[in-house]
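Kindly generate the complete structure, drawing on both the sequences and the hints.
Residue strings, one per chain:
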Amino acid sequence: MGIMKKKTQSVSGRPSDAGIPQAFQNGNMITKISFFVFGLGNLVNRQIIRGLIFLALEIGYFIYLFSFGIGALGDFITLGTVEQGEVFNEALGYYEYTAGDDSMLCLLYGVITLVLTVAIIFVACMSGKSAYCTQVRKERGMNIPSFMDDVKSLKEENLHAFLLAFPIIGIICFTIVPLIFMILIAFTSYDHEHQPPGNLFSWVGLENFKAMFSQGSKLANTFWPVLSWTLIWAVFATFSCFILGMLLALLINRKGTKGKGFWRFMFVLSVAVPQFVTLLSMRTIFNANGPVNVLLREFGIIGVTESVPFFTNPLYAKITIICINIWIGVPFTMLSTTGILQNIPAELYEAAKIDGAGAPTIFRKITLPYMIFVMTPNLITSFTGNINNFNVIYLLSGGGPDSMDYYYAGKTDLLVTWLYRLTITQKDYNLGAVIGILVFVILAVLSLLTYRRTGAYKDEGAFQ
Amino acid sequence: MRAKRLFTNIFCYILLTVLSIIWVLPIFYVILTSFRAESGSYKSYIWPRGFTLDNYINLFHGNSNINFTRWFTNTLIIAIFSTVLSAFFVLCVSYVMSRLRFKMRKKFMNIALILGMFPGFMSMIAVYYILKGLGFLETGLLKQVALVLVYSGGAGLGFYMAKGFFDTIPKTIDEAAYIDGASKWDTFIRITIPLSKPIITYTLITAFMGPWVDYIFAKVILGNDSSYYTIAIGLWTMLEQEFVEYYYTQFYAGCVMISIPISLLFLLTQKCYVEGVSGAVKG
Chain F
3 MGIMKKKTQS VSGRPSDAGI PQAFQNGNMI TKISFFVFGL GNLVNRQIIR GLIFLALEIG
63 YFIYLFSFGI GALGDFITLG TVEQGEVFNE ALGYYEYTAG DDSMLCLLYG VITLVLTVAI
123 IFVACMSGKS AYCTQVRKER GMNIPSFMDD VKSLKEENLH AFLLAFPIIG IICFTIVPLI
183 FMILIAFTSY DHEHQPPGNL FSWVGLENFK AMFSQGSKLA NTFWPVLSWT LIWAVFATFS
243 CFILGMLLAL LINRKGTKGK GFWRFMFVLS VAVPQFVTLL SMRTIFNANG PVNVLLREFG
303 IIGVTESVPF FTNPLYAKIT IICINIWIGV PFTMLSTTGI LQNIPAELYE AAKIDGAGAP
363 TIFRKITLPY MIFVMTPNLI TSFTGNINNF NVIYLLSGGG PDSMDYYYAG KTDLLVTWLY
423 RLTITQKDYN LGAVIGILVF VILAVLSLLT YRRTGAYKDE GAFQ
Chain C
122 MRAKRLFTNI FCYILLTVLS IIWVLPIFYV ILTSFRAESG SYKSYIWPRG FTLDNYINLF
182 HGNSNINFTR WFTNTLIIAI FSTVLSAFFV LCVSYVMSRL RFKMRKKFMN IALILGMFPG
242 FMSMIAVYYI LKGLGFLETG LLKQVALVLV YSGGAGLGFY MAKGFFDTIP KTIDEAAYID
302 GASKWDTFIR ITIPLSKPII TYTLITAFMG PWVDYIFAKV ILGNDSSYYT IAIGLWTMLE
362 QEFVEYYYTQ FYAGCVMISI PISLLFLLTQ KCYVEGVSGA VKG
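These protein sequences, in sequence, are chains F and C. To convert, count from 1 in the first sequence and add 2; that's our numbering. To convert, count from 1 in the second sequence and add 121; that's our numbering.
In short, the hints are calculated from the structure, not lab data. From a predicted model like this one, the values you see are computed outputs, not experimental measurements. From the three backbone atoms N, C-alpha and C, an ideal C-beta is built for every residue, glycine too.
Quick list of in silico lysine-lysine cross-link-like pairs, DSBU-like style, CA-CA up to 30 Å:
#1 F/154 with C/292
#2 F/262 with C/318
#3 F/157 with C/318
#4 C/125 with F/367
#5 F/154 with C/227
#6 F/320 with F/429
#7 C/284 with F/157
#8 C/284 with F/367
#9 C/227 with F/157
#10 F/367 with F/355
#11 C/125 with F/257
#12 F/154 with C/228
#13 C/318 with F/154
#14 C/228 with F/34
#15 C/224 with F/157
#16 C/340 with F/320
#17 F/355 with C/125
#18 C/340 with C/264
#19 C/224 with F/140
#20 C/125 with F/262
#21 F/429 with C/253
#22 C/340 with F/429
#23 C/318 with C/228
#24 F/257 with F/355
#25 C/125 with F/260
#26 F/34 with C/224
#27 F/157 with C/228
#28 C/264 with F/429
#29 F/154 with C/224
#30 C/284 with F/154
#31 F/212 with F/429
#32 F/157 with C/292
#33 F/140 with F/154
#34 C/164 with F/320
Partial list, derived from the structure: chain F residues whose beta carbon lies under 10 Å from chain C:
#35 279
#36 282
#37 332
A few chain F positions that, by computed beta-carbon distances, are all more than 12 Å from chain C:
#38 35
#39 48
#40 55
Next up, the structure:
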C-alpha cells in the first residue's frame, strides 16, 4: 500500500516534490529569474505577501553585503593588516594606542557573513522552487494558495517547518556558527603569543596539526598519553557503570528481594544530589587530610602522619576517579535499567517458562538481548559522553597531578580538560581547536560505525 | 532447595546493605560536616566535637563574599527561563523527528548526531566572543540573558530521549485523530502532548537541573561579577585556596541547602523518569 502510494505520487508529480535542479530546468523564464530576483514568480501570480517577503530578504542581504559584508570578507582573508600601534602623545605625555585590526573580530564577522551568504543561497532556492510550484499549479489549473493558505499549511503538511524553525535558529547561532569559528581557528596562529587586539594572527594552514603529531615534540609527547588515558577512561567508566548498574537493578528486582522501593531509594538518593555537589564533596573526602585518610589512620592501616595519595599519585588518581565515577554512575544505570526490566513483556517470560527454560537461560535469551537492544544507543551516548566528561575530571582532580613532561597537562587530564587548560589558562586557542577537531574525529569514527549497526537506528518503528 | 534459597536471599540482603552503606555514607558525611561547630577545614577526626546551626545561618546573613540568597535567586531565574525555552525546543524537534516524515529528516538526525560529537565547550570561546560582539556582556542582567540563551540555544539537539518516547505512542492513535478531521497540529497539541506527561516532566526537570550544576559556561560568561554568580560558581569559590579555611563547613551547609530542593524535585519525578525511559501507552 505504502509503495503504491509513493509511485502514484511520483507519476503525477506533486509540484512541491520537485528538486531544485528540476525546478530550474523545467521552469519558465519567470521561474528562472526568480532564482535571482527573489519572489518574482510569486509577485507575478498575485502571491503578493509571499513574494514581498522573499524580495525583502534579498534586499536586506545586499544592503548588509555592500555596507559591511564585503569589507568583512576581505578582512576574513587577511585576518587584519594593521597592527595596533603606539604613538607618543607629547601634549599628554604618555603613549597612546592607535586602533589596529582585531584578527578575532575579522574572523568572527567573516564567518557570520559566510553563514548569511549560505542562508541567502538557501532562500534563493526556496524562491525559485516556490515560483516553480506556482507555475506548475497555474499550468494545471490548480488554485494558487494565498498567504492565508500558506499560514494554514504550517499546521498541516508544513508542520515540520513550523516546529523546527526556532530550534534550528538556536542550533545555528549557538552550535554551528561557534563550531565553524573554532574549526577555523585550528588553522590560524592564534596562540598566547598572538593575542588580539595587541597582535595580529594569521592563517597558517596545517602547521598546528603538524606540531601536534611531529615526532618527539613536547606536544606529541603530551597528546598520545592523554589520548590513551582518555580512551581507557571512557571504556572503564562506561562499561563499569553499565555492568554494575545492570547487576544492581537485577539484584533489586529479583523476585526474592523484599522492600524494593526502599533499596532503590538508598541508591537514588545519590543521584538526587546535584552531581556538582557530589564531585566537590568527593574531592574533599579523598583529600590528603580528608575523612578517608583519617579513617585509614584510625584503623592503623597507614601511619598517623601518612596519607594515601588519592589525587597526587598518577596511578592512584586514575583508580580513584574511576571508582568515584562508578559511585556516581551506577545508580543512574540502575534507574534506567529498572524501567526497561519492568517493561519486558511478561508473556515472553511465561512462554519461556512453559517451554521449560531455567532462570539463566531466560536471562541470556530474553533479558539480556532486550536490554542490549534498548540500551545500545544509550551506551554509545554514554561512551561519547565519557570521552567528553569534563565535570568529573575537572572537579575531582583538575587533571592533576601535573607532569613536567607534558605541555600544560596533568596525568589525569582528558583531551577535553586539556583543551580547557590550553584555551582558558594557556590561551593557545589554535591548539585547543586542533584537539577539539581530533576529539570529534575519534568520536565520529567510533560512533557512526557502531550507531548505524544498532537495531534501534535501523528499525526505529520496532515498537510502534 | 529451600535452604539454598534462604542462603541466596541472605547473601543478597547482605550485599545490598553493604552497597547501600557505601552509597549513603558520603551523603551522611556531608550532612554531618554541615552541622560541625569547629571552623577550619580538614580535621584529624570525623565525628564533630560540637554541633551548630551557625553554618546555615551564616549562609544567609553572611558577609559580602558569600551571598547565598542572591546566588540562589540568580540560578532559579536562569533555570526557569532556560527550562521553558529548551523544553519547548526539545519537544518540537523530537515530535517532528518521531511523527512527521519529510525530505531532510534523516539528514537532520545525522547532522544532530555529528554536532553532538564536538566537545561542548570547544564552541564556548566562540560563543563568548559572539555574545561579546552582540553586546550581551555589558551588564550583569544581560549576562544572565546570555546564559539563558547559551543553556537553551542548542537544546534542540538533545531530542533522542523524547523522540524515543514519542516513537512508543502507537501510530494508530494519530491516524484515528486524522480520520476524525484533526490537523497534524491539533494531533500534536491535543493528543500527543497529553499522552506524554512523563517525558515532558523529564525534559523539564533535566533542563531545570542544568543551570544548577553547570560550572563552566557560567564561569566563562559571568566572569568575576560575583553578585550575578550562580550557585555552582559560588560554592566552587568557597573551596578556593584562600577561602577554604573560613568557609569549609559553610560550603557543606550550602551543599545541603542546594541538594534538598533538587533531591525532592528529583524523587518526586523519578516515576516520570522511569516511565519516560520505558515508553508511553502500554498494551
